[in-house]
Each structure stands twice: as structure tokens, then as C-alpha cells.
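Undergrad: With chain E fixed as given, assemble chain X onto it according to the hints.
Note that the protein sequences, when read in sequence, are chains E and X. Take the first sequence: its position 81, counting from 1, is numbered 81 in this note's numbering, and each next residue is one higher. Take the second sequence: its position 119, counting from 1, is numbered 119 in this note's numbering, and each next residue is one higher.
Hints are computed from structural coordinates only; laboratory data are not their basis. This one's a predicted model, so the numbers in the text were calculated from it and none came from an experiment. This list has only true hints and no planted wrong ones.
The list treats identical chains as interchangeable, and a pair is accepted whether it falls inside one copy or across any two copies.
In silico DSS-like links for lysine-lysine, alpha-carbon gap of 30 Å or less:
1. Lys44 with Lys120
2. Lys44 with Lys91
3. Lys91 with Lys120
4. Lys120 with Lys105
5. Lys91 with Lys105
6. Lys105 with Lys44
7. Lys91 with Lys111
Number of protein chains: 2
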Amino acid sequence: MNPQTPTILPPSIESVVETALYADDLDAAERFYVDILGLALIGKEAGRHVFFRVGVGSVLLIFRPQSTLDGGSGFPPHGAQSPGHFALGIKADSLDSWRQYLRHKGVTIEKEISWPRGGKSIYFRDPAGNLAELLTPGLWGTPAGW
Amino acid sequence: MNPQTPTILPPSIESVVETALYADDLDAAERFYVDILGLALIGKEAGRHVFFRVGVGSVLLIFRPQSTLDGGSGFPPHGAQSPGHFALGIKADSLDSWRQYLRHKGVTIEKEISWPRGGKSIYFRDPAGNLAELLTPGLWGTPAGW
Numbered sequence: 001m002n003p004q005t006p007t008i009l010p011p012s013i014e015s016v017v018e019t020a021l022y023a024d025d026l027d028a029a030e031r032f033y034v035d036i037l038g039l040a041l042i043g044k045e046a047g048r049h050v051f052f053r054v055g056v057g058s059v060l061l062i063f064r065p066q067s068t069l070d071g072g073s074g075f076p077p078h079g080a081q082s083p084g085h086f087a088l089g090i091k092a093d094s095l096d097s098w099r100q101y102l103r104h105k106g107v108t109i110e111k112e113i114s115w116p117r118g119g120k121s122i123y124f125r126d127p128a129g130n131l132a133e134l135l136t137p138g139l140w141g142t143p144a145g146w
Numbered sequence: 001m002n003p004q005t006p007t008i009l010p011p012s013i014e015s016v017v018e019t020a021l022y023a024d025d026l027d028a029a030e031r032f033y034v035d036i037l038g039l040a041l042i043g044k045e046a047g048r049h050v051f052f053r054v055g056v057g058s059v060l061l062i063f064r065p066q067s068t069l070d071g072g073s074g075f076p077p078h079g080a081q082s083p084g085h086f087a088l089g090i091k092a093d094s095l096d097s098w099r100q101y102l103r104h105k106g107v108t109i110e111k112e113i114s115w116p117r118g119g120k121s122i123y124f125r126d127p128a129g130n131l132a133e134l135l136t137p138g139l140w141g142t143p144a145g146w
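Next up, chain E with everything else stripped away, as it sits in the complex (with noise of 0.2 Å):
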């Protein structure tokens, strides 16, 4: 390599702030984030978006993409119709809690898996059909545990 020419690294990224699902009917979006998985109603414009924050640092957004393909709103456009997936971190001792409660709210566990690393996945889908995970920590070896 040229020594007059350095390489120039990237800056830094702290974390995936912003995580977005497509959905066609926001209405059953918001009931199930909000009231079957609790998360808090950041925002919200009707046919085009339902927003929620998730534990101290994390955004969900949810876009109905016939609103959000056609960048008619001067944002650049995005939107897909085939089903999403995330990952949802929880605590490893509320599995147990969280496997009964979603039972209790007619939520269908679509698989569990057990990771040889550690960690385990219940997965289920929302109203859209989103393929919904959620995580105990030691998966992915991260700093921060899960």
C-alpha cells in the first residue's frame, strides 16, 4: 500500500437503532405489539405507520408499504410484502412466563429451539405473518450477553 494514500476506517456504530416490519393492516399491528407484547406507541400516521419503542434503546417500525414504496412523502422509498424477521432479547429466567402468556393470549408457537452456544428462541408470527423471536441471552456472544 501507498503510504501517501492511508487507509481511512470507518467512524464507529453503536447499535441497530431503527428495525422496520411491513404490514397492511396497521390497526392489528398496533394491537398485537402493544397490547399482546406490550411495547409503547412512539408514533403513529394513519395508512402509512405505527411506531414503538422497545426496552431503553431499540425502535420498532411497522410501514404499510403501499404507503411507503412510492416516496410520494419525500422520504426515500423502501417497503416490502413478504414476511419480515427480528429478534426480540428477553430476560433468561421469563421464557417460562412469556411461553404461558402467549399461550394465554392465543399466540401459536410456531417452533423452540435450544442454541448449542446457549440461549433459547420461541418463534411466532404477527397479524402481518412476521416471523416474531423471542431470545434468552447467549446466542451470539455479544458484549452485551445475548
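TA: Chain X in isolation, oriented as in the chain E frame:
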């Protein structure tokens, strides 16, 4: 409400741990997220996925939807073709460095937004067309500062 049938509240959720995006070309995705954005590669299966750690507690998953939609692996099916969206949190004082760095790497910034509540965002695309955002603190008012 009947006091003999108490409401069962959901156990807590700590954070969004995994965020999934989709890309047909996983090699291009790996080059972009490792060589340009500087993320750490933490998992890889040829033709199916590349996984990255972000900061101390977030994981970004890039799946090839042709592989994950068929469910043949025993993992519940998911996957999308259209462009998804996500936001990565950066330090407030690194936004100028990021802008300069992306320009140096030939990444086109598609949009910049200064949010009324605080925080600034820059938007650009990954090789699959997913809409990436770099976000400084202040937009959402989360306890962690985002």
C-alpha cells in the same frame, strides 16, 4: 373487570437483538457491511446468510430469501424481495466523518434529514437496495438517548 380473572401482563422485553434484511447477492452484502460499514462478521452459510454484530448488543442478519422462504431447513420460513429499511446509531460528533467517509468509499447519500426533536439522519443503499440510515442521538427520546 372481574377481580377473579386478573389481567396477565406480558413479561418484559429488553431490546431488539436481531434485525433481518434480505439480499440475493450475499458476497456483495458481506463486502458492503464489513469493508465499508466496518461491521464484524459473526456467521456465514454460503447461499443462505451472512450475519454481523453491531456495537455491543445488536445483530444484523442478511438472508438470501430464496433460501429462507422455503422452510426446508426446519427454520420457520421468512423472506422478502423488496427493499427493507433499518437505522444504525452513531455518535453525534461522527456524522461529518461518516459523510466524508461514505463519499470516499463511493457510497451515494440519498437523503439527509435534521429531525425537529433532535438528531440527524443520512440515508443510503446497500448493494441489494435496502435503505440504510445512520442516525445521531435525539430523534426518538429513548432512555438510551436515541
